[in-house]
Structure formats: structure tokens, C-alpha cells
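Could you build the full structure based on these sequences and the hints that come with them?
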Amino acid sequence: MKQCKIFLAFLFAGILFSFTSSSQKQFKALLITITNGWRHESVHAGVLAIQQLAVRNNFDVVYFDDPNSFTDKNLEQ
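According to this note's numbering, the sequence shown is numbered sequentially starting from 107.
Check each hint, because a few of them may be wrong.
Unchecked claim - Once the Cα atoms are required to be at most 16 angstroms apart in a straight line, the calculated EDC-like pairs of lysine to aspartate or glutamate come out as:
{"id": "1", "residue 1": "Lys-131", "residue 2": "Asp-166"}
{"id": "2", "residue 1": "Lys-134", "residue 2": "Glu-182"}
{"id": "3", "residue 1": "Lys-134", "residue 2": "Asp-166"}
Said to hold, decoys possible - If you anchor each label on the Cβ, the simulated ranges turn out as follows:
{"id": "4", "residue 1": "Glu-182", "residue 2": "Ser-148", "range": "15 to 23 angstroms"}
{"id": "5", "residue 1": "Asn-174", "residue 2": "Gln-130", "range": "26 to 34 angstroms"}
{"id": "6", "residue 1": "Val-161", "residue 2": "Gln-183", "range": "14 to 22 angstroms"}
{"id": "7", "residue 1": "Gly-143", "residue 2": "Asn-163", "range": "14 to 22 angstroms"}
{"id": "8", "residue 1": "Glu-182", "residue 2": "His-146", "range": "28 to 36 angstroms"}
{"id": "9", "residue 1": "Asn-180", "residue 2": "Thr-141", "range": "15 to 23 angstroms"}
{"id": "10", "residue 1": "Asn-163", "residue 2": "Ile-138", "range": "13 to 21 angstroms"}
{"id": "11", "residue 1": "Gln-183", "residue 2": "Asn-163", "range": "15 to 23 angstroms"}
{"id": "12", "residue 1": "Asn-174", "residue 2": "His-150", "range": "29 to 37 angstroms"}
{"id": "13", "residue 1": "Gly-143", "residue 2": "Ser-175", "range": "17 to 25 angstroms"}
If you're looking for bench data, these hints aren't it; they were derived computationally from the structure.
The structure displayed is predicted, hence computed values, not measured ones.
For glycine and all other residues, C-beta sits at the position ideal for the given N, C-alpha and C.
Given below as C-alpha cells:
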């Protein structure tokens, strides 16, 4: 959970410091919600909020919630 909070803090900091008027996507953020066991009920709402921020602030979000999709090939993006 602590790693998730750190990731979210860096993501929001990146959003705040990278506003441009260009139509090209500014950056691509990696959002990972893989858990070992119990999953907090607010994870889904957090994912939706970050995806909405991405649309409003012109960046892409790559979202992983399946541990099998977290591969070197997918990370090459």
C-alpha cells in the first residue's frame, strides 16, 4: 500500500509540473493495482479518477491489475 501511495504522489506531481497546450500526449503513466490477497474497495474509484485526470491533462495511463500481464514485453511501451 505504501508503494501505491508513493506512485500516486509521483503521478500527481508529474501532472502538476507538466502542463502544455500541445495536442500530443505529454507522457505515459504506469498504474499498477496488483495485490496479494485482500483488495481495498476504493481501488476501482482511484483507477477511474486517475484515468479521468489523464484525459483532462493530456497524458496516457497504462493500467495493470493482472499479474500475468506485467511482463517485459508489456513494459517496453
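Results for each hint:
Under the criterion of a C-alpha separation no larger than 16 angstroms, the hint pairing Lys-131 with Asp-166 is consistent with the structure, at around 7 angstroms. With a C-alpha separation of about 12 angstroms, the suggested pair Lys-134 and Glu-182 falls inside the 16 angstroms cut-off, and the hint holds. Taking the CA atoms of Lys-134 and Asp-166, the gap is near 5 angstroms; set against the 16 angstroms cutoff, the hint holds. At roughly 31 angstroms, the beta-carbon separation of Glu-182 and Ser-148 lies outside the given 15 to 23 angstroms, and the hint is violated.
For the hinted restraint 26 to 34 angstroms between Asn-174 and Gln-130, the CB-CB distance of approximately 32 angstroms keeps it satisfied. Between Val-161 and Gln-183 the Cβ separation comes to about 19 angstroms, which falls inside the hinted range of 14 to 22 angstroms. A hinted range of 14 to 22 angstroms is violated for the C-beta pair Gly-143 and Asn-163, which are about 33 angstroms apart. Distance hint check: the CB atoms of Glu-182 and His-146 are about 30 angstroms apart, consistent with the given range 28 to 36 angstroms.
Checking the proposed 15 to 23 angstroms range against Asn-180 and Thr-141 shows it holds: the Cβ atoms sit about 18 angstroms from each other. Take Asn-163 and Ile-138: their Cβ atoms lie about 20 angstroms apart, and the range 13 to 21 angstroms holds. About 19 angstroms separates the C-beta atoms of Gln-183 and Asn-163, a value consistent with the hinted range of 15 to 23 angstroms. Judged by the Cβ atoms, the range 29 to 37 angstroms given for Asn-174 and His-150 is violated: they are separated by roughly 20 angstroms.
Evaluation of the 17 to 25 angstroms hint for Gly-143 and Ser-175 yields a pass: the beta carbon distance comes to about 19 angstroms.
In this structure, the hints that do not hold are numbers 4, 7 and 12, in rising order.
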